[in-house]
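Below, each chain spelled out in residue letters.
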Amino acid sequence: MHEVRSNGGPSARRELDLLFPGLSRALAGRGSGFLLLGAWLSLLALAVYRRPRIAEFISHPTGSGLVALASLVGLLALTWIAGTRAVDPGDPSGAVPASRLRSDRRAAIGIGLLVVLGSAALLAPLLAPFDPDLIDLGAGRLLAPSASHWMGTDELGRDLFSRVLYGARVSLLIGFLAIAIAVTIGTAVGAVAGYAGGWLDALLMRTVDLFLSFPRLVLLITVVALFEPSIPLIVVVLGLTGWMGVSRLVRGQVLSVREREYVQAARAMGYGSGRILRRHVLPNVATPIIVAATLGIGNAILAEAALSYLGLGVQPPTASWGTIIQSGGDRLVDAWWITTFPGLAIVLTVMSFNLVGDGLRDALDPRRGG
Amino acid sequence: MSGPPLLEIRDLRVVFRTVSGDAPAVDGLSIVLEAGEALGLVGESGCGKSVTALSILGLTPRPAGRVVDGSSIRLRGEELLRAGPERMREVRGGEIGIVFQEPMTSLNPVLRVGDQVAEAVRAHLPVGRAALPGRVMELLETVGLPDAEQIARAWPHQLSGGMRQRVLIAIALAGDPDLLIADEATSALDVTVQATILELLDRLRRDRSMALLLITHDLAVAARMTDRIAVMYGGHIVEEGDTRSVLDRPAHPYTAGLLNSIPDPARRGVRLEAIPGSVPGIGSWPGGCTFHPRCSRSFARCEAESPPLLVGPATRAACWLLETDE
Amino acid sequence: MGLGRALVAGSGVETLIRYVGSRLLQAIPLLIGVVTLVFVILHLAPGDPTAIWFNPSIPPEVLERMRESMGLDRPLYEQYLHWLKSFLTGDFGYSYSQFRPVSEVIGDALPNTLLLGGVCLIVVFGIGMAVGAWQAVRRHSAADSMLTFVTLFLYSMPGFWLGLMLILAASTWLGWLGLPVSGMTSVDHSLLGPLDRISDIAGHLVLPTIALGLGSAAGVTRYVRGEMLEVLGQDYMRTARAKGLTERTVILRHALRNALLPVVSLLGLYLPLLFGGALVIEVVFSWPGMGRLMYDAVLARDYPLVLAASFLFAVLVIAGNLLADVLYALVDPRVRHA
Amino acid sequence: MVASAIEARRGAGSRPFGRALLVVAAFVAGCDSGPPRGADPMRGGDSLAAAEAELRAERAYADGVRQADSAAHASVDERNRYGGTIVVSGRNDIQTLNPLVATDMESVQHQAYVLFTPLVRSGPDFEPLPWLARDWTIDPEGDRITFHLRDDVFWHDGVPVTAADVAFTWERVVDPAVPFFNPAYFDAWEAVEVLDERTVRFTVRPRSNLLYGWAVTAILPEHILGDVPPDQLATHPFGTVSPIGSGPFRFVERVPGDRWVFEANPDFPEGLGGRPYADRLVYRQIPEDAAAEAALRTGEIDMIVDADPVSARRLAADSGLVVTSYPSAEYSLIAWNTRREPFDDPEVRRALTLAIDRESIARVVRGTYGSVSAGPVGPWHWSWDPGWEPLPFDPDSAGRLLDRAGWTDADSNGVREKDGKPLGFELYSTPRQAWQNVAAIVQANLADVGVVVEPRAREQAALIPLVTSPDRRFDAFLVGWSRDVPLDDRDLWACDRVDDPMHFTGWCLPELDAVLDSMQVVPDRESLARLTRRYESLVADAQPYTFLYNVDTILARRAGLRGVEADARGTWASVAHWWLDPESRR
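Respectively, the protein sequence lines represent chains A, B, C and D.
For the first sequence, the numbering used here gives the first residue as 668, with consecutive numbering after it.
For the second sequence, the numbering used here gives the first residue as 8, with consecutive numbering after it.
For the third sequence, the numbering used here gives the first residue as 3, with consecutive numbering after it.
For the fourth sequence, the numbering used here gives the first residue as 29, with consecutive numbering after it.
Do not take every clue at face value.
What the hints assert, rightly or not - Here are the computed lysine to any residue pairs in the SDA-like style, where the Cα-Cα straight-line distance is at most 25 Å: (1) 87/C - 259/D; (2) 446/D - 569/D; (3) 87/C - 260/D; (4) 87/C - 71/C; (5) 446/D - 482/D; (6) 87/C - 263/D; (7) 87/C - 34/C; (8) 87/C - 27/C; (9) 449/D - 433/D; (10) 87/C - 106/C; (11) 449/D - 436/D; (12) 449/D - 730/A; (13) 449/D - 984/A; (14) 449/D - 729/A; (15) 87/C - 878/A; (16) 449/D - 728/A; (17) 87/C - 35/C; (18) 446/D - 433/D; (19) 449/D - 373/D; (20) 87/C - 50/C; (21) 87/C - 39/C; (22) 446/D - 476/D; (23) 449/D - 482/D; (24) 446/D - 570/D.
Calculated from the structure, these hints are not laboratory results.
Work the whole structure out from these sequences, hints included.
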């Protein structure tokens, strides 16, 4: 390490970042600096602490193990790159009205929570203190939360904290995929209905009404009974029954955008409607869709949990938060932790999605101000 | 006129809280208005005119806006900034009426027009339920609305822009105020309707010997309607005097610049001059004389020190040119 | 608003009736569509109504005869036509899992769901509007940001989990409250006088209503707060204050009336949510309503009961949306007197 | 000599397969935990010793309760035991009181003991005792039986119960148009003759448990249902809206999905015990265990029938409550589909049973209210031999058996293979919580001996076709089942009925067919017991099922409710003698 120049000019501090990304910004008292540094150090500590498990994942590669390793490396790389980027000059903070700030802060908290939850889910195989399916019918059954078992154990002696961590993977995965399907279908239907108008619009909207007035439960149970209940099935079913809201939203936006001059201009220049839709209309509709999608993921996670609680969602042994809650349902009074902790995990996750969704919506539409 | 003036504002300072600290919107404004007199407060948008009007009525947009201590707004000598909420309610509509700029959105869409006028009447005058409709009809007729009966029953969205502005004037007059503030009252209307509203305001002022504070960016409108004019820039008054003097012998370069940018039939063919640069946003006003960066005749002192109102040939202006005898 | 366009053409009551009429006409194909879809999906699922009776000692031939008596051996379209004909003539058929005519089964369950759903609706919109408006008026205050956090927290909570936590609390540290944790009526209900019966049911309503309503109440609060903020920023609020009206009048007479307009349309959206969402809550609290009935019926492949319940659910949804539209028109003069 | 039991699998009290799945699954839904503080075997403790100690303590507690009960009996004078409303709650609603259609335990018990007066009544060892029939004589050739009825039993609408009612009931039960759930009870009953108002004679074939059908099937009122066409009896409102009975209690009202209310029948004959002590008897459906427990603690209900072992542990600790249990006909099993490799090999089946820790499963799922099941006969049956031991939990010999059967872990990847095929199977069950726990334990146990288990949860109506259709698309099937007094298991094992729905395993043995056939006709109990022993040993050797655990029915009641002597005949057997301490009447 060559000597650091006395005045510790910016370039000197930059070298420190190579080893400790974000350090220079932390020294400059910038919040993001502490965050990056904290992330970097904790990821390193995890890698060191879990050396044996990493070695085992390498020797006996399993699906989830590889995902965990890949995400550990990925997160380290991300933090390093973010940390070492040149310290951006003081941004000219124009007179930003306080309300904009608040909504950004809420979005920031939401995103922060999501990053933590997401990485915890991805790194579950490394983070989990025990194997989630390890049964201990002896002394380990139904232990209350303690130092060794942060969230206690269930009736088969399995460590609840590990199961909730692994459950996060299932619930988050289902939430994202279901919304992806719902938003895709919704956007397609909404865009075509909004843009085409006329009888096609009426037909599509009547179909939307049909789906909205359809008892979702009948479809869910029948599909679960018809096919083998599995994560892809739940995702498809939630996706198929969740797109109607998005389609109405998109249609409204497309209707308003369609009248705008630049769209008529494009039409005048002879562009095909497909191109117009893709190039001009949809980008302007993107923001409300993103907001709807973010809020939608929260609802999808809630729906999956309810389904699993009714025994219709994710089938054991895969543990999703809903199934864990169901397993604790009849031990509510004396093994309260089995039901409580997965519930809290759901609330925290859904809240962070809602925080981000709210923050985005208010930031993008200041009139409704935070 | 003996006794304190109808309205006297001295060193009014209003700031807005932003991410990077408090930004001043009104920075040391002082004006005086006698009873029955018409004063034009003229300035480009963003110079703090509307904030001044709202502050007079104690309606500074909270919580972002804040009237800084040391400011003073006296109504016939009574300091309004220290008046309690009940007193301020009596003043609003009872002693000072205000008409805003945007007639299309200033009426409550879900209440009938008559109810919105009656509400204002009952807030200040001891009018019984029975007499109320009559009083409302009378008000609507005085503001020149033809079929008052039908108008009273109508909903706001059923009236044109001009008719709605007349209703708003009726509302402002409901409490027989001594001072009427017209904050860009005609800017949103098209020219023909604008003229009829201005003529109405003038007639009402005379009939009721009511003071008028006409806030506008349009010097021509101020010229027709007011006895005196105060030109506002950078949150305070830069020139003030009786209308004729300000129009004919402006002492402040900014006022001169404003006058030159008005198309005047007398100077047909002469190229209109535009004042270089643009009005700085709230909170980013330069030091010294706020106009100096855009003033073609600015010199060292302008940048250093903010000039007070100095006595000029016919008007008073905040410009160091008056002191130097160049 | 569809209604708005219709009302623009004419004005007054007869347009309203014509509009409602056209909406009801549109609803008929929709209802038929829903019920047909349910019929097809149910028959696609493996297993059939005899599943509930699948008794080891019933010889196969008896089971066969039972299937014939239910008409399950006939081709699908024939079953559908037969069912549709009887359904349209008001004969909802016999529920094999409840051993009673379907109309009777639904007759018992529907009022309970309407009761729970109705009470929830009142609580949800009552709290939502009051808290939302109160919060908006105190914008940027500590109370505002605290409430924003709390409503977000409650809005993100799974209803059934909240139900379980309420049962946990009611049977442990809140035990002294003696809140009933299951069913709709206590045991000796039939012996009670009319007044006691009402208070008995009310007692049973407390926990399910909280479990079902809290999340939605938080949702409505957030929505009303947003609407209220928007209204408070409008110009006519400034006019109202400039008139010298008291703050209370300004808020109640001017702000609230305008903010509540869109809330009425929210009512239409929440109707199906409350009755659909009630299902899990009804299962947790064993509330004898339509949700639990539907859940058991679908599991037991009780075709007539599921079809009738689905039809009713669709009617509720369509009626809800229509009601919201009509209410919106009545409340907003801009639509009523275009 | 006829044995009858209310808990019969296929008798009136039996649970249809479908219901068996749902009910038994729910029945064992809660595995148990005790309050974390108390010494609780399910909590593991260190060894089985702790579990035994707990069992002994449990029995001592039960005996103590019985003494307290009889002491109380003597202390309170018989006269003021009358009065009060007894409220009983159970997990499932009574489906109907129409005996021709009822299939679930709650409905049948209310028919036989509460609402109606059956022809005969079962004694403690299920031998038939006089009830509606004062006595009966069997002709020397044994082909005709004549019943003499009491003259003091009336329908609740005042009409006397006569021989015509008995004949009418028999005609409907055997009528093919009526979906009676257990025709096997009466297939030895050929014809009926009404000699006079009080005498009815049947021609019969020799049959063991001959009269058992009449103990569990209530007599129907001919004057009400006489002219109802047989095929409409099933959907007649008699069962759910207006049941007219002849028993100790009369029907008052029903609130669907919530409760059934009965009141004492003042005209019930003294000879049969006279008017019951309680004024009113209520049955409430509370599916959620936590809710039922809370209702019992607050006194809203007096007894939980079939309580969940989890709540039972907690309730037992409460001084104001009493928890007892009795062996029931319920048991759980894994059925191996012997039509598929490798379950056709008895060695493999035996190894799988040896490798499964049934003791832990019983303890986890049932706590002290269950025992490892040794075979098709359970502790509730009169012919049960306590000395008959189940296979031990012995993973080592299981491993050796698998090696011998050719399943070895050549590539030592922890999973045994044979000719390249790994040893593993899918274990099907419904998504009930108890089955998930059992499946998880089986998965862990078999993993230790190199067998891969994949639990598959399928909703009941979808699962039934899988396991009952001829192509039998399953390897192993975890299910709850209920036994029957006549032990007529021919539909499970008979070689000529391999394709019947219930023949899951597809395993059969000609010798076993002979044993089962003779068990249905042999007249005396000693030879019936001997044949039953032979039946048990044949099944134990072949292990077509891995028998898991027998279930004890748990009754949790307020101390103030007395006279509840429940045994294998069913909870409501002694309902007429239940009474409430005067001060604990609501």
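Structure-based check of each hint:
About 23 Å separates the Cα atoms of residue 87/C and residue 259/D, which keeps this hinted pair within 25 Å; it holds. For the given pair, residue 446/D sits about 24 Å from residue 569/D by alpha-carbon distance, which is consistent with the 25 Å threshold. Taking the CA atoms of residue 87/C and residue 260/D, the gap is about 21 Å. The hint holds against a cut of 25 Å. For the hint pairing residue 87/C with residue 71/C, the CA-to-CA distance comes to about 17 Å; that is within 25 Å, so the pair holds.
Note on residue 446/D and residue 482/D: the hinted pairing holds, with a Cα-Cα distance of about 19 Å set against a maximum of 25 Å. Pair hint residue 87/C plus residue 263/D holds up; C-alpha atoms about 21 Å apart against a cutoff of 25 Å. At roughly 12 Å between alpha-carbon atoms, residue 87/C and residue 34/C fall within 25 Å of each other, so this suggested pair holds. The suggested pairing of residue 87/C with residue 27/C holds, with an alpha-carbon distance near 19 Å, which does not exceed 25 Å.
The straight-line distance between the Cα atoms of residue 449/D and residue 433/D is roughly 14 Å, inside the 25 Å bound, and the hint therefore holds. At roughly 19 Å between alpha-carbon atoms, residue 87/C and residue 106/C fall within 25 Å of each other, so this suggested pair holds. For a cut-off of 25 Å, the pair hint linking residue 449/D to residue 436/D stands: about 11 Å separates their Cα positions. Proximity of residue 449/D to residue 730/A is assessed by CA-CA distance (about 22 Å); at most 25 Å being required, the pair is judged to hold.
Annotation: proposed proximity of residue 449/D to residue 984/A holds, straight-line Cα distance about 24 Å (limit 25 Å). At most 25 Å may separate the alpha-carbon atoms for a hinted pair to count; residue 449/D and residue 729/A meet this at roughly 21 Å. The straight-line distance between the Cα atoms of residue 87/C and residue 878/A is roughly 24 Å, inside the 25 Å bound, and the hint therefore holds. Between residue 449/D and residue 728/A the CA atoms are separated by roughly 22 Å; this keeps the pair inside 25 Å, and the hint holds.
Restraint check for residue 87/C and residue 35/C: satisfied, since their Cα atoms lie roughly 15 Å apart, inside the 25 Å limit. Among the hinted pairs, residue 446/D with residue 433/D is consistent with the structure: their alpha-carbon atoms are about 9 Å apart, no more than 25 Å. Only pairs whose Cα atoms come within 25 Å are accepted, and residue 449/D paired with residue 373/D is accepted, the gap being roughly 15 Å. With a C-alpha separation of about 21 Å, the suggested pairing of residue 87/C with residue 50/C holds against the 25 Å cut-off.
Straight-line distance between C-alpha atoms of residue 87/C and residue 39/C comes to about 16 Å, which keeps the hinted pair within the 25 Å bound. Between the alpha carbons of residue 446/D and residue 476/D the distance comes to roughly 18 Å, so the proposed pair stays at or under 25 Å and holds. A threshold of 25 Å between alpha carbons decides the hint, and for residue 449/D with residue 482/D the separation of about 16 Å falls inside it, so the pair holds. Restraint check: the Cα-Cα separation between residue 446/D and residue 570/D comes to about 22 Å, which is no more than 25 Å; the hinted pair holds.
No hint from the list above goes unmet by this structure.
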